[in-house]
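If you read the protein sequences in the order shown, they are chains E and X.
First residue of the first sequence? That's 1 in the working numbering, and the numbers climb one at a time after it.
First residue of the second sequence? That's 1 in the working numbering, and the numbers climb one at a time after it.
Please keep in mind that the hints were generated in silico from the structure rather than gathered at the bench.
One thing to keep in mind: the hints can contain errors.
Said to hold, decoys possible - Over 10 Å on every C-beta distance to chain X, these chain E residues come out as not near it, computed from the model: (1) H28; (2) H41; (3) F59; (4) V101; (5) L107; (6) Y121; (7) M122; (8) R123; (9) D136; (10) R138; (11) E147; (12) T164.
Stated by the list, open to error - Now the in silico label distances, taken between C-beta atoms and shown as ranges: (13) E/T52 with X/G404: 26 to 34 Å; (14) E/F38 with X/V351: 29 to 37 Å; (15) E/P128 with X/K224: 50 to 58 Å; (16) X/Q119 with E/A113: 55 to 63 Å; (17) X/Y314 with E/A27: 13 to 21 Å; (18) X/W371 with E/N12: 52 to 60 Å; (19) E/A27 with X/G307: 41 to 49 Å; (20) E/A113 with X/I355: 16 to 24 Å; (21) E/F110 with X/K224: 40 to 48 Å; (22) E/N12 with X/T259: 53 to 61 Å.
We put the CB at the ideal spot given by N, CA and C, even for glycine.
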Amino acid sequence: MSTNKVIHALYNDDDILMDAVKKVKGAHHHIEEVYTPFPVHGLDQAMGLAPTRLAITAFLYGITGTAVAVWLTWYTMIADWPQDIGGKPNFSWATNMPAFVPILFELTVFFAAHLMVITFYMRSRIWPFKEAENPDPRTTDDHFLMEIPVHDNEEELKALLETTGAVEINVVDKH
Amino acid sequence: MYQFSGKLKMLAIILMALGLLGTGISFMSAPKTLEEAKEILAKQNDAHHGGHGEAASHGEAKEAHATAAHGESHDDAHAEHAFHQMQNRPWSAVFVAMLFFLGVSLLVMAFYAAQRVAQSGWSVVLFRVMEAITNNLHFVSIFMLVFIIATAMHMNHLFPWMGEGVFDPKSPNYDPIVDAKAWWMNLPGWTIRGIVYLAIWNGLRFIIRRKSIEQDNGDLKLHKNLYNLSVAFVVTFMVTESMMSWDWIMGIDPHWFSTLFGWYVLATFLVSALTITALVTIYLRSKGALPLVNDSHIHDLAKFMFGFSVFWTYLWFAQFMLIWYADMPEETTYFVQRFNEYKLPFLGMVVLNFIFPVLLLLNSDFKSIPWFVVLGGIAILIGHYVDLFVMIMPGTVGGQWGFGIGELSGILFFAGLFIYATFSAFARVNPVAKGNPFLHESETFHYYNIQHRGEDNSHH
Numbered sequence: 001m002s003t004n005k006v007i008h009a010l011y012n013d014d015d016i017l018m019d020a021v022k023k024v025k026g027a028h029h030h031i032e033e034v035y036t037p038f039p040v041h042g043l044d045q046a047m048g049l050a051p052t053r054l055a056i057t058a059f060l061y062g063i064t065g066t067a068v069a070v071w072l073t074w075y076t077m078i079a080d081w082p083q084d085i086g087g088k089p090n091f092s093w094a095t096n097m098p099a100f101v102p103i104l105f106e107l108t109v110f111f112a113a114h115l116m117v118i119t120f121y122m123r124s125r126i127w128p129f130k131e132a133e134n135p136d137p138r139t140t141d142d143h144f145l146m147e148i149p150v151h152d153n154e155e156e157l158k159a160l161l162e163t164t165g166a167v168e169i170n171v172v173d174k175h
Numbered sequence: 001m002y003q004f005s006g007k008l009k010m011l012a013i014i015l016m017a018l019g020l021l022g023t024g025i026s027f028m029s030a031p032k033t034l035e036e037a038k039e040i041l042a043k044q045n046d047a048h049h050g051g052h053g054e055a056a057s058h059g060e061a062k063e064a065h066a067t068a069a070h071g072e073s074h075d076d077a078h079a080e081h082a083f084h085q086m087q088n089r090p091w092s093a094v095f096v097a098m099l100f101f102l103g104v105s106l107l108v109m110a111f112y113a114a115q116r117v118a119q120s121g122w123s124v125v126l127f128r129v130m131e132a133i134t135n136n137l138h139f140v141s142i143f144m145l146v147f148i149i150a151t152a153m154h155m156n157h158l159f160p161w162m163g164e165g166v167f168d169p170k171s172p173n174y175d176p177i178v179d180a181k182a183w184w185m186n187l188p189g190w191t192i193r194g195i196v197y198l199a200i201w202n203g204l205r206f207i208i209r210r211k212s213i214e215q216d217n218g219d220l221k222l223h224k225n226l227y228n229l230s231v232a233f234v235v236t237f238m239v240t241e242s243m244m245s246w247d248w249i250m251g252i253d254p255h256w257f258s259t260l261f262g263w264y265v266l267a268t269f270l271v272s273a274l275t276i277t278a279l280v281t282i283y284l285r286s287k288g289a290l291p292l293v294n295d296s297h298i299h300d301l302a303k304f305m306f307g308f309s310v311f312w313t314y315l316w317f318a319q320f321m322l323i324w325y326a327d328m329p330e331e332t333t334y335f336v337q338r339f340n341e342y343k344l345p346f347l348g349m350v351v352l353n354f355i356f357p358v359l360l361l362l363n364s365d366f367k368s369i370p371w372f373v374v375l376g377g378i379a380i381l382i383g384h385y386v387d388l389f390v391m392i393m394p395g396t397v398g399g400q401w402g403f404g405i406g407e408l409s410g411i412l413f414f415a416g417l418f419i420y421a422t423f424s425a426f427a428r429v430n431p432v433a434k435g436n437p438f439l440h441e442s443e444t445f446h447y448y449n450i451q452h453r454g455e456d457n458s459h460h
């Protein structure tokens, strides 16, 4: 009945961490999480994480923004109240299109950027007053932490991690 | 070392021969007398069931002023006007193709110099490709020089301000607007400036290329020296390129001016230059001549193609929209003529130069797939040829434009010349700039996304 036990292996160098991740993956253990104080290039690849789809959402949001801008300029300038403003040709949307391009552009960027950021917050579960999920405060400064769930193989895992240059190995009960 | 294959050399020679033949035909078939031109016009009118109001729009063209002032009948004035345009057509066809390849080779040189100035790490394995392409600069420059001299000798009428009596107040051709610009627009000045631009570009290119080959010995002093020379090139290039675009392109419409024209011309040539670098790189890599170039380098080139396509669109639209919005008659005529007489190329190039590349090259994975980059690259090259076409043709041939033997032959000839110049230069030296201190960085260059896809990443 040790289902909630995890091992926290701490490292103080990102190169050593990368090698350790590769070794643990090589021994076919599941890595629950890695905490680092800064982005470590290639870590996601070593852990076998799937690429992000955030850029695809941004593209879709951008198209939405363009559509909103087209509708806004068409409805307000052409359909609702087509006034002659300084001789601008408000007969149809196309005849006055160049004047709308700055708005089309800005709303596209606005939608793409803001909705993508909000998507990022939601998917990463970040919001104000959120309780930090940090297992060890040192990982925000100069330490790297690898978390591996234990399934009745505590000794084996510990022995493996000791060969990877960990500076500290702790077995922790997770709630 | 790369071997310039006999097949490719044959292709280059065939292209040049076809181009010469077609250009000859287009010069022969241009009308020599006013009567011939009238016959052609009559045929055009029959084909269109009595014309389609073309004459009316011609009345607005600036060049028509001089002839219309004679008090002749409108038909005769129109015929004479059209006659000059028909005579200009073979010259313009050659000029557009020549300027396109000159600009592309020049901008490859400018990009290459900028890479040296920026001490860029990724592009060193592409240096020899870029240097080889710039070899074409020498070849086209010779033709440009001949063109400058021929134009200065009044062998063509591409530049209306070079016409007879334009600066003479007593002449019926007197043009006070152009006369006020005589301090810049005068034949000796134009000719000398043109020769000076060519001399600066070719001179610096020649020295930089020679030193770059010498640098294969690993001399770091040479590296510093090349850096300084590249700074000199970039600075003089920025000045001469702006002036070149006024002299050789904007001068065709001497009543019209635009402040950002130089950058706009720069953008169109720069995208084409990056595209042609990518295409030549992909070709040479497929022949096994560039063992150090990986998908990440292609990805970076495609990113540049994408980015500068957007940059071109930005400048194109900034120029168009400001003039459209204010709608001042002396500026708007430029776009009225293009919009009325050149609607398809004028709007079509926005699709080819903006919408197509943006949708095609937006995806990061697609940017490293060679055939995809080639597909986007061909669209970009066609689009920017059309761009130059729309810059030059309305002022020289006006409503008599078309894409026929003359235009195609111009492209074929200079494409053949390009192939010959580029690949013969590439075959002459080591395909790797092995003395460059950044070579290792370039060799091990890997873009993060591509690693995910599993490009060889033994260098991590």
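Here's how the hints hold up against the structure:
1. Distance check for E/H28 against chain X: the nearest CB is about 20 Å away, which clears 10 Å, and the non-interface claim stands.
2. Distance to chain X contradicts E/H41 as a non-interface residue, since its nearest Cβ pair spans about 7 Å, not more than 10 Å.
3. The beta carbon of E/F59 sits about 7 Å from the closest Cβ of chain X, which is not more than 10 Å, so the claim that it is off the interface is violated.
4. Against the 10 Å criterion, E/V101 falls within the reach of chain X, whose nearest CB is about 7 Å from its own CB.
5. With a minimum CB-CB distance of about 16 Å to chain X, E/L107 clears the 10 Å threshold, and the non-interface call stands.
6. Against the 10 Å criterion, E/Y121 stays outside the reach of chain X, whose nearest CB is about 23 Å from its own CB.
7. Interface exclusion of E/M122 from chain X stands, the closest Cβ pair being 23 Å apart, more than 10 Å.
8. Here E/R123 stays apart from chain X, with its beta-carbon at least about 19 Å from theirs, past the 10 Å limit.
9. Look at E/D136: its CB is around 28 Å from the nearest CB on chain X, clear of 10 Å, so calling it non-interface holds up.
10. With 10 Å as the threshold on Cβ separation, the claim that E/R138 sits away from chain X holds: the shortest Cβ distance comes to roughly 27 Å.
11. Every beta carbon of chain X lies more than 10 Å from that of E/E147, the smallest distance being close to 23 Å; the non-interface claim holds.
12. The Cβ of E/T164 lies farther than 10 Å from every Cβ of chain X, with a closest approach of about 18 Å, so its non-interface assignment holds.
13. A C-beta distance of roughly 51 Å is found between E/T52 and X/G404, which places it outside the suggested range of 26 to 34 Å.
14. Take E/F38 and X/V351: their Cβ atoms lie about 44 Å apart, and the range 29 to 37 Å is violated.
15. Between E/P128 and X/K224 the beta carbons are some 53 Å apart, a value that agrees with the proposed interval 50 to 58 Å.
16. At about 32 Å, the CB distance of X/Q119 to E/A113 disagrees with the hint of 55 to 63 Å.
17. Taking the beta carbon of each, X/Y314 and E/A27 are about 53 Å apart, not inside 13 to 21 Å as hinted.
18. Hint check: X/W371 to E/N12, Cβ distance near 47 Å, so the stated range 52 to 60 Å is violated.
19. Between E/A27 and X/G307 the beta carbons are some 44 Å apart, a value that agrees with the proposed interval 41 to 49 Å.
20. One distance hint, 16 to 24 Å for the beta-carbon pair E/A113 and X/I355, holds here, with the actual separation near 21 Å.
21. Evaluation of the 40 to 48 Å hint for E/F110 and X/K224 yields a pass: the beta carbon distance comes to about 46 Å.
22. At about 57 Å, the CB distance of E/N12 to X/T259 agrees with the hint of 53 to 61 Å.
Checked against the numbered hints above, the structure breaks hints 2, 3, 4, 13, 14, 16, 17 and 18 and satisfies the rest.
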